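A.B. asks: Each chain, letter by letter, is given below.
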Amino acid sequence: MTSGLSLRGITRRFAADQPAALTDVDLDVAAGSCTALLGPSGSGKTTLLRAAAGLEPAAAGSVQLAGRDLARVPPERRGMAMVFQRPLLFPHLTVRDNVAFPGRAAGLTRQHAREEAARFLDLVGLSGLAGRDVRALSGGQQQRVALARALAAHPQALLLDEPFAALDPALRQEMLDLLLELRAVLEPTVLMVTHDHEEASAVADEIAVLIDGRLVQHDAVDTVYRQPAGVEVHRLLGGVNELPGAVRDGMHESAFGRVPLPDAARRAAGPSLLLVRHEQLRLTVPDHPTAHLVATVETVRQRGGRQVVSMASERSRLVAEVATADGVRPGDVVGLAVPTEAVWPVPMPRSGSDSWPATPPPGQRPDRLPDQADASS
Amino acid sequence: MTRLLLVAWFVAPLVALVLWAFADSWAAGSLLPDDWGRRGWDGAAGAGLWLALWRSAVLATVVMLLATPAGAMAARALVRVGARLRAAAAALLLLPAVLPPLTVVLGVDVLLLRLQLPAAIGVVTILVVQALPYTTYVMYTTYLAHDVAYEEEARTLGASPARTLVRVHLPLVAPGLAAAAFLALLVAWSDYVVTVVMGGGLLLTLPVLVASNAAGTGNEPVVAVLSLVAAVPPLALLVVLGLLGRRSRRQPVAAAIRPRPPVAAVRP
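Sequence order for the protein chains is R and L. Going by my numbering, the first residue of the first sequence is number 1, and it counts up by one from there. Going by my numbering, the first residue of the second sequence is number 1, and it counts up by one from there.
Keep in mind that the hints were calculated from the coordinates and are not lab data. Keep in mind it's a predicted model, so treat the numbers as computed, not measured. Beta carbons are placed, not taken as given, at the ideal position from N, Cα and C, and that holds for glycine. Any given hint could be a false lead.
[To be verified] A short, non-exhaustive set of chain R residues, derived as facing chain L with CB atoms under 8 Å: (1) F84; (2) L88; (3) F90; (4) P102; (5) A106; (6) R149; (7) A153.
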């Protein structure tokens with residue numbers, strides 16, 4: 001990890017009477033890899049990024065880049081370039097001179113810096129706009145120029161602070177594709193702040209989850225999805241299903257039924273919350289051999305091209321997002337096939353009032369099939 | 001109609017001034033001067049117009065060069081301090097504009113006499129203080145709208161603090177700086193009270209010259225010439241600043257053409 005970006009014990013407190021914005025955060029980003037820093041707003045993501053860039057001088061802890069300790073190194077000598085949510089293009093400079101800015105700052109001649117700028121503008125597909133006034137560009141183009149300008153600084157680490165959050169979905173997808181292309185060509189070390197788990201999973205190799213200023217989990221993208229460190233992480237990743245119950249003999253038992261657990265979680269035991277990825281559930285008939293859970297449908301709603309089926313028992317809810325829920329109507333009793341990679345048990349949160357009995361009441365298995373509920377997808 | 005009246009309101013005195021400046025005699029009751037000529041100009045030159053113009057220009061420039069950066073720095077500090085402190089500091093900074101100039105001048109005059117400082121330094125000092133509320137206020141509104149993130153971005157792109165100041169910060173606040181400098185210039189350019197009292201009547205700037213000539217009778221053409229010369233430089237500057245401002249706000253027509261790369265995929 002020494003050749004990448006390494007943060008150690010980063011702590012930042014804005015005022016003595018407030019809780020710390022960051023508490024003892026350790027984070028490593030391997031050289032050439034991309035880590036998405038994911039967290040709800042106010043979780044300290046941006047502050048951590050600024051601390052890495054040297055823009056938060058009051059932050060405690062150490063920052064290392066490519067094995068170099070950056071204590072007391074000013075931002076301009078850290079070898080990091082940052083792209084903010086707003087493009088922040090210098091309005092008094094043309095597109096070309098904006099991208100030539102880092103070269104000029106590094107001591108290149110005007111002509112040399114502009115040649116470099118042309119190269120990076122070409123890389124982001126905007127070579128035709130070099131002579132333009134930056135205020136004449138669209139939002140997406142401005143952010144492309146900002147990206148080109150950051151890359152023109154030849155940073156050892158590229159810091160992105162929600163760079164695409166202000167763009168509309170189609171444009172954002174374009175920018176994500178561009179970022180993937182740039183990653184393939186230039187292999188920069190990237191630390192990207194985002195609150196959007198889809199964005200994080202689309203670009204990054206790893207996801208680091210920051211909640212209330214603490215690093216809660218840092219794993220490969222699919223590991224974070226499959227084995228979230230807790231309910232908050234699960235929710236942050238778009239997860240909606242939390243089934244209270246208990247683990248016994250490698251199975252999780254809840255009001256909806258028994259679900260086999262993945263190997264990595266088989267040793268868990270006792271009261272447990274089962275986190276279930278809603279998009280991996282499959283609808284089936286209640287007495288089908290693969291039907292681990294049985295539930296009564298409350299609503300069926302459309303979400304884009306897919307359908308969202310909400311189910312409930314007396315004390316808990318379950319949501320499945322499926323390609324099609326043809327014929328399933330509110331009131332129907334359906335079975336749910338649950339792949340083991342779609343579930344992960346975590347200890348019950350100690351909320352007290354909302355506690356669930358360790359042994360759930362036996363689920364009421366219906367005798368009769370709903371008419372067309374066997375439309376499993 | 002209202003606009004016409006407004007224009008007349010501003011232009012009418014100037015017209016009279018211009019007419020008087022080229023009138024050798026203009027009897028009361030005549031619509032236009034009776035005799036045209038250079039009497040006013042010769043008289044004004046004899047009264048020391050060009051030297052006074054030079055003195056005024058130097059004084060105004062010095063005051064501008066001191067009051068503008070000082071106001072900018074005060075404004076930047078104001079924007080950064082907490083809200084409670086800001087109100088008190090702002091009130092203190094506005095004080096010179098609120099107090100009658102004579103009160104301040106008479107007090108400071110005594111002090112400067114005791115310190116035995118040259119009169120010119122006293123005049124400049126007081127005028128800088130009088131210009132500060134205006135420069136500070138203009139720069140305060142400028143910095144309220146200014147985004148420090150531009151400078152942070154410049155730093156992460158490798159620019160030193162000095163380079164960031166010159167290449168990013170100053171160009172971004174340039175319109176505000178120009179407006180503040182213009183106001184500081186005006187304060188010094190049009191000052192009479194401070195120059196007379198502090199300068200002991202020895203520092204003959206253009207306003208002082210105008211006033212001393214206006215005190216007499218029968219030399220209307222001379223007064224008109226002096227006033228006209230005093231009015232032209234600020235007006236010319238105003239026009240130049242207006243043109244510069246319009247140029248920097250101009251947006252190229254290219255905004256209408258927005259080539260976009262093809263949309264690669266639609267988000268699921």
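A.B. asks: Closer than 8 Å between Cβ atoms is the bar; does R/R149 clear it against chain L? Give me holds or violated.
C.D. replies: R/R149 check passes; min Cβ-Cβ to chain L is 7 Å, inside 8 Å.
A.B. asks: Is the interface hint satisfied for R/P102? The criterion is a beta-carbon contact with chain L at less than 8 Å.
C.D. replies: This hint holds: R/P102 lies near chain L, its Cβ roughly 4 Å from the closest one there, short of 8 Å.
A.B. asks: Less than 8 Å between beta-carbons is the criterion; does R/F90 satisfy it with respect to chain L?
C.D. replies: Hint on R/F90: holds, closest Cβ of chain L at ~6 Å, below 8 Å.
A.B. asks: Taking the closest Cβ pair, is R/A153 under 8 Å from chain L?
C.D. replies: 5 Å, holds
A.B. asks: Interface hint check: R/F84, Cβ to nearest Cβ on chain L, cutoff 8 Å. Holds or violated?
C.D. replies: 6 Å, holds
A.B. asks: Let me know if the C-beta of R/L88 comes in closer than 8 Å to any C-beta of chain L, holds or violated.
C.D. replies: 5 Å, holds
A.B. asks: Was the hint right that R/A106 lines chain L, CB cutoff 8 Å?
C.D. replies: Check passed: Cβ of R/A106 comes within 5 Å of chain L, closer than 8 Å.
Of the numbered hints stated above, none is contradicted by the structure.
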